[in-house]
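Q: Keeping the supplied structure of chain A fixed, place chain B upon it in accordance with the hints.
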Amino acid sequence: MAAIELKDVSKRFGNQTVIRNLNLWVEDGSFTVLVGPSGCGKSTTLRMIAGLEQVSDGEIRMNGDPINHLPPGKRDVAMVFQNYALYPTMTVRENIEFGLKNKKVPKKERQQLIEEITAVVGLEAYLDRKPSTLSGGQRQRVALARAMVKKPKVFLMDEPLSNLDAKLRAQMRTELIELHKKLGTTFIYVTHDQVEAMSMGDKIVIMNEGEIQQATEPMEIYQQPANLFTALFIGTPPMNIIEKDKIPQLHSHNKDIVYVGFRPEKVVLSNEPLEGGLTLPAEIVNREILGHETIYQMEMSGIPFKVKHYDHPLEEGMRLFAYIAYKNLYFFDREGRRMEVEENKADLQTVAGGVRVCP
Amino acid sequence: MITVEKMLKIVEWTGLAVITLIFVFPFIWMMITALKSLPETVVFPPEWIPETWMWSNFKVAWSSGPFLRYFFNSLFVAVAILVLQILTMVPAAYAFSRYQFPGRGFLFGLTMAALMIPPQITFLPVFLQMSEWGFINSYIPLILPYAASAFGIFLLRQSFMQVPEELIEAARLDEASEWRIMWRIMVPMARPVLVTFGLFSFIYHWNDYFWPLVMTNSDAFRTLPIGIAMLKDAEGGIAWNIVMAGNMILVIPILIVFFVAQRQIIRAFVYSGVK
Chain A
26 MAAIELKDVS
36 KRFGNQTVIR
46 NLNLWVEDGS
56 FTVLVGPSGC
66 GKSTTLRMIA
76 GLEQVSDGEI
86 RMNGDPINHL
96 PPGKRDVAMV
106 FQNYALYPTM
116 TVRENIEFGL
126 KNKKVPKKER
136 QQLIEEITAV
146 VGLEAYLDRK
156 PSTLSGGQRQ
166 RVALARAMVK
176 KPKVFLMDEP
186 LSNLDAKLRA
196 QMRTELIELH
206 KKLGTTFIYV
216 THDQVEAMSM
226 GDKIVIMNEG
236 EIQQATEPME
246 IYQQPANLFT
256 ALFIGTPPMN
266 IIEKDKIPQL
276 HSHNKDIVYV
286 GFRPEKVVLS
296 NEPLEGGLTL
306 PAEIVNREIL
316 GHETIYQMEM
326 SGIPFKVKHY
336 DHPLEEGMRL
346 FAYIAYKNLY
356 FFDREGRRME
366 VEENKADLQT
376 VAGGVRVCP
Chain B
9 MITVEKMLKI
19 VEWTGLAVIT
29 LIFVFPFIWM
39 MITALKSLPE
49 TVVFPPEWIP
59 ETWMWSNFKV
69 AWSSGPFLRY
79 FFNSLFVAVA
89 ILVLQILTMV
99 PAAYAFSRYQ
109 FPGRGFLFGL
119 TMAALMIPPQ
129 ITFLPVFLQM
139 SEWGFINSYI
149 PLILPYAASA
159 FGIFLLRQSF
169 MQVPEELIEA
179 ARLDEASEWR
189 IMWRIMVPMA
199 RPVLVTFGLF
209 SFIYHWNDYF
219 WPLVMTNSDA
229 FRTLPIGIAM
239 LKDAEGGIAW
249 NIVMAGNMIL
259 VIPILIVFFV
269 AQRQIIRAFV
279 YSGVK
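Heads up: the sequence lines are chains A and B, in that order.
In this text, residue positions in the first sequence follow the working numbering: the first is 26, and each later residue adds one.
In this text, residue positions in the second sequence follow the working numbering: the first is 9, and each later residue adds one.
These are calculated hints, taken from the structure and not from any lab test.
Cβ coordinates follow ideal geometry from the N, Cα and C atoms, glycine included.
Errors might be hidden in some of the hints.
Quick list of simulated restraints, FRET-style, between CB atoms [said to hold, decoys possible]: (1) GLU186(B) / ASP90(A): 42 to 48 Å; (2) GLN108(B) / ILE266(A): 40 to 46 Å; (3) LEU83(B) / SER187(A): 49 to 55 Å; (4) VAL87(B) / ASN46(A): 55 to 61 Å; (5) LEU16(B) / GLN41(A): 55 to 61 Å; (6) PRO131(A) / GLU186(B): 23 to 29 Å; (7) PHE267(B) / SER187(A): 45 to 51 Å; (8) PHE266(B) / PRO131(A): 39 to 45 Å.
In isolation and in its complexed conformation, chain A is listed as follows (with noise of 0.2 Å):
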């Protein structure tokens, strides 16, 4: 168990800075994601802590202590791959043998650790098989025993899932979650999937050019986003983004707000304008039926925006009223801050089925 702090790390690669001075604290015990579009130094990060990578500034602690100077083997931590990077010529046992081999472990403790982790996984009849006899899920399984068997402090993982087909992938995702409830320690994960870094982490590290946009909370994260980036980058479909000014609905004073944010499952359509929220008259072009819910691409005097319902599919080509809260707007400045308006009542007045801003 340990918590692993990064102070101002920075990663250059020649002349490129990857990682520009991050600080990060991953709490101990917790299932912390990192997550972000790829080239967002996510991967880098976690070789960082891994040791794979240098840092080019900065200090990695890990219980406090500086580690930049170990070695990955003496660092405590066990790492699965994307590609599992099993290796191929050695059994399922070896496999999950050879870093205890490395570390000295006599022969009976060996046996016992790998019996033990492989009655956790579930890997007791593959034990004598070679990986290219395994499946994509088995692979999967040896990768996570051979990780859990050296007993690390921290567990990075870089993308496990995604060389796995949908259905398998929703099932190591609770199979992981367990896992982390089971063991107790600290998980560290990287992921470009939005999807896996909401449902499995408990912490979530949104990172894009190698800097981190907010970490916090999964909940925190769709509910308060700290940046356009970060409310761009959490939800299916993705929050609207409007500029103020091409909505003549919404009246302010605040000079500083210049984009208006709202969710897609956020939005109220109705037949008639209704009062306490901001209105937009707009008309379904397109839509696309996903079964239980139904997402419209809407359209108010050429500004496209997108909508999701969870009612009885509506015609394209209607013409309706999308009512959004006032609490579900969100409010962004020149450099995409998010600005902390007031919800206050008192401050938002209604302007002929608009809004008025007052901050």
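A: Structure of chain B alone, referenced to chain A:
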């Protein structure tokens, strides 16, 4: 009816048979000659089947010199070279394929240059150096100049480069030393290549005539090919049947090795073709 496909198959098989015959014929001829009596080897037209099978030719060849000594020398030299080559090429190939260090390109270029220089060019300076050091008439000049194989390093480096980096990283996280990564992860994955190289090296040095001829001048260190070549010089005219029997003695160990390792060799070629 003979279809076009059948015709093509017949042509193909005939072609293959002819080529096989061209390759195999000298070998068969050697085998037959080794079992003939001396007059039979020179009759014209040549006889296909010997009148009596002269198995004694082998005994004559074997006992016409210290052949046990030659045999041991050949085996010792070929095996020692192979062992040293593997001990040097595995770390070299690992370093060239995975490490970034100053001068890597230059050193690899040097290795490649060594690959292109035949022993016929280097034998004289090597001989002079060895005699200067007083090593002529020992195993050292037979073994040491071949202790590192540029070809082997190149071949193994290519094979090591195919190993995914994650495997090495996983091993490092498993607290494996670089030495262990080399021998427990990399070498087993390059097994087909190593087997192929081992065969090439063994056969080359087992058969090598030129280098041992230059570097030795006493029976104590001569190898089998030289001993067999000396059969030609024995007592007046050339006894071809005895020479061929000697050649058979030379070839049989190689055939045994080849049959044992056949599957590995074929796999090695299939692997290098697919990947």
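Q: List, from low to high, the hint numbers that the structure doesn't satisfy.
A: Hint 1 alone not satisfied by this model.
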